[in-house]
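Taken in sequence, the protein lines are chains D and S. Going by my numbering, the residue at position 2 of the first sequence is 2; the numbering climbs one at a time, nothing skipped. Whatever position you read off the second sequence (first residue = 1), add 135 for my numbering.
Note that these hints are calculated values from the structure, not bench results. By construction, the Cβ of each residue, glycine as well, lies at the ideal position given by its N, Cα and C atoms.
Mimicking DSSO-like on lysine-lysine, the simulated pairs with C-alpha atoms at most 27 Å apart in a straight line are: (1) S:255 <-> D:82; (2) S:187 <-> D:53; (3) S:223 <-> D:53; (4) S:255 <-> S:239; (5) S:224 <-> D:53; (6) D:58 <-> D:73; (7) D:82 <-> S:239; (8) S:224 <-> D:73; (9) D:73 <-> S:223.
Have a look at the derived ranges for each label pair, beta carbon to beta carbon: (10) S:187 <-> D:60: 29 to 39 Å; (11) S:207 <-> D:78: 33 to 43 Å; (12) S:266 <-> D:69: 55 to 65 Å; (13) D:33 <-> S:195: 25 to 35 Å; (14) D:78 <-> S:234: 10 to 20 Å; (15) D:110 <-> S:187: 20 to 30 Å; (16) S:241 <-> D:111: 26 to 36 Å; (17) D:111 <-> S:252: 23 to 33 Å; (18) S:252 <-> D:55: 19 to 29 Å; (19) D:133 <-> S:191: 49 to 59 Å.
Incomplete in silico selection of chain S near chain D, CB under 10 Å: (20) 167; (21) 170; (22) 172; (23) 173; (24) 176; (25) 185; (26) 209; (27) 218; (28) 221; (29) 244.
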Amino acid sequence: MLMRFDLPRTYDSLLDDVMRWDVRPTTRSFSPAVDVAEQENEMVVRMELPGVKKEDVKIVFENDVLTISGERKPYEIPDDAKVLLNEMRVRQFSRSIEFGPDIDAARISAGMDNGILRVILPKAEAARPRTIEVK
Amino acid sequence: MEDGKQDALMRRPEDALQRVPVPPERIVTPVADLFETGDAFIMKLDMPGTAKECIHLSIESDRLAIRASVAVPHPASAHVLFSEIGHKKYLREFNLGDGIDRDKIDALYEDGVLTILLPKTEALRPRTIPIR
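I would like the entire structure built from these sequences, with the hints used as guidance.
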């Protein structure tokens, strides 16, 4: 499944600011579901990673691209167990999301809670909305 | 920013593509693993984004129902650009045979995975008969 949004190039510069993005799964791993939301001062990415330990997640931000990858390790089952149903995907995952240039990369933070990874990407000062007072 | 009269030039391109509101809450069937040991059946369900207070297990006429709600993912002021997780509820049901000891069913929620332990009744457990 390939999901891609090609945004018109004519919107370059000013309008092409916070987020020119592109969500692309890689072939040998699965692509977990994500939500992306823009808030006033930051972009928030949430990814479903049930059964994944935080030490098995790698987050890289490079050239405006956020890449979240890792591995869901199999849980332990007793030796004598007989598998009756196996729907879970236990393997590697990877997903990349391209942002515009206005992310303050040094301040990106992430946390994991109840199987949801949450990455906060603060906008650079210049990209935040500002109210200008009339003097 | 939500003013419809906003100058079109100031609108960003992704706005044009993402005019769809956040989809309404949907009901999702969580994926499950099930295995059997000598003493019990063990079920695991992927249910990310809920919390143990929001999960309800019920048994009614041989049917085990697993329900859970997921908190609204973003504040109302957020501009949602991509919504694959969205707003949802989990529901899955299984039929229980006679061999399950209903009073001893136990469940644990950890890292977004619900594990349900369904112990077998005495009659269903494997037995070794010693030879005299």
